[in-house]
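> The chain contents come next:
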Amino acid sequence: MTETAIIRTENLCKHFGQGETRVRAVDKVNLSIFSAELVLIMGPSGSGKTTLLSMLGTLLKPSSGRIYLNNMETSAMGENQLPDIRARHIGFIFQAFNLIDALTVEENILLPASLTEQGVKGAAKRCQYLLQRLDLTHRRGARPTTLSGGEKQRVAIARALINQPTVILADEPTGNLDSEKGQEVMMILHDIVRDEGCTVIMVTHDNRIEDVADRLLWLEDGKIHDRRSEVHSWVHDPVCGMRVDEWAAKIKTEHLGQHYAFCSQRCLQRFQETPEKYIRAEQGGE
Amino acid sequence: MIRWSIKSLFSEGPGLIASCTGVAFAFLLVLFFMAIFSGESDRITAYPKQVDADIWVMQKGVANMHMAMSQLWDWKEDRIRAIEGVASTESILYLNGVMNISGREWFSYIVGLRGRPEHTGPARMHSGKPVPARGEVVIPDVLARLSKLKIGDSIQIVDRAFRVVGLSSGTFSMANSIVFVSYDDLADIMSAQGSVSYILVWAKKGVDSKALVRAINNRLDKVNVLEQAQFIQNDHHLAMQMGVEIIALMTLIGSALALVIIAFTSYAIVSRKKRDLAIARAVGFRSRQIYLGVLVQALLLTIFGFILAALLSLLLFPLISLLAPEIALNLELAAILKLAASTLLVAVLAALWPAHQVARVDPVSVFHD
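First to last, the protein sequences are chains A and Z.
Start counting the first sequence at 4; every next residue gets the next number (my numbering).
Start counting the second sequence at 175; every next residue gets the next number (my numbering).
For the record, the hints were derived by calculation from the structure and aren't laboratory data.
C-beta: ideal position from N, C-alpha, C; glycine also.
Please note: incorrect hints may appear among the correct ones.
[Unchecked claim] DSSO-like cross-link-like pairs, simulated, lysine-lysine; straight-line CA separation at most 30 Å: (1) K31/A with K253/A; (2) K226/A with K31/A; (3) K234/Z with K128/A; (4) K234/Z with K223/Z; (5) K396/Z with K379/Z; (6) K124/A with K181/Z; (7) K322/Z with K223/Z; (8) K280/A with K255/A; (9) K184/A with K448/Z; (10) K448/Z with K234/Z; (11) K184/A with K128/A; (12) K124/A with K448/Z; (13) K378/Z with K234/Z; (14) K448/Z with K64/A; (15) K226/A with K255/A.
[Unchecked claim] According to the in silico footprint, chain Z covers these stretches of chain A (three or more CB under 8 Å from chain Z): (16) 53 to 66; (17) 77 to 89; (18) 106 to 119.
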């Protein structure tokens, strides 16, 4: 029997602007994500990762194409149906945590529960469980402003899980955390996939967390491809120093018999203007 | 969202206090004007109330006392006294006139007393004698204090001087004060010897006032006969009618001021909490639920402001009356309830402005750091 995808897209496109200024943020993306998968979406800045995540989360309407969540075509739904879909089927985790400062930790966690039939009272037990599981019991009455970054992200995870969603969409969840806290958050998400059977789709730049993912999708220039089986060949962009995969990089050049990979056209242009400056710097750095 | 509304409103701290105080002062202004008009209207009807006759008889076409002019032949009083069911009668001569005290003019009800003025004279005295003889006048104690007058001093009424012989209580109003002179003096001023303005009738015990009104009407021509309650109501209605436009205008100004403060506060909160609203929309709250949250904030702010205004009025109005007895303040429960109802409308209107912002909150903005 073929496994049914939790999230499926068909020729998903998102364009911004018109005419010459038109940008294809997401271009004919077809993907299928299955139950209890932890999927990373990676790619250079501005490649359309957040746009894709926003569309999967029903926050942004696609220009064309279809999105299915649990076999429901969310891309065809109206604004009156989508809040329900978000409340019941999707949990969000953000880089900036996005907790509400006026509410306590417990109230933040319970916020989405008020949108379901069980209500805040019905979700009290689940909240208690999540507080315990995420080691937040002692901080339940605290305000977000008094929490550490790691604690804030754990609260955000608990809030995302309170309604037992089908899928969690995480946007750079380790982006504002140090490596230790980032690792901790990743392990929590990993355990959630394992224990709750929840699908996690995560946008990230953090290569350190690749190992815990089931699958890695690479998004660049609006197009996506599966990188799970691909080989990484990490090199540094000689201009900005960003780590780029030489194998996957599209912006490359050759200079004096050496191959160089770049994160963007801008870096390539700079390199081409004064290559010796960057080669010297690279050698000096070494 | 209701919890969010309440908590985010309270997290405003000094901003919330400032807004509540502003709203409270706007409502206090409205309550003050309502109280002052009600108080003045009460004082305008103070005289007929204290006389407490069963029936008032006046010239045909006249139906009240405030700013009215009535003239009847005094023999009509004898005719009325002879009617079956009448216990007693008294009559007064009355003029809306101007008193000149130390260069300042005071609009007054000048009552000319005659016969046995136990009922028609001042009900309460502060000092001095209650019934003036020729050349004498009884003035309100508040007027004497404001004008720095004492018993024995002279004042001018219309074109002649009178000596102050008594100070009465409860007879002062900013619109008009009640002063008492002798019938003969006022008749001289008005050239109205043999005339009276109002004949006051007390019915015998057990006699129906309405039946007595009909009987007087049957017996006398060119008179208007009214029961006391109707006579007072006519005066009160006229006084309120004279002030109703001003009250309406002041209520409108006060309410508009409150509306602007509430709307601005709600708008400021929504502007500051845009991210909270975007989060709420992202996790599944509908626009109307978020709008309800904003409306709750506006309602709370209005209610707090109103309660503060009501408490301040209870504290300040008696203090004002104590320090400035010339200002008559009467805050009626009905007026407070009426204003309370209109404040709900203010809250709803005030929430419309930030609602526009709520509708424009983009949930995708939660992804931006």
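> When the hints from earlier in the document are held up against this structure, which numbers fail?
3, 10
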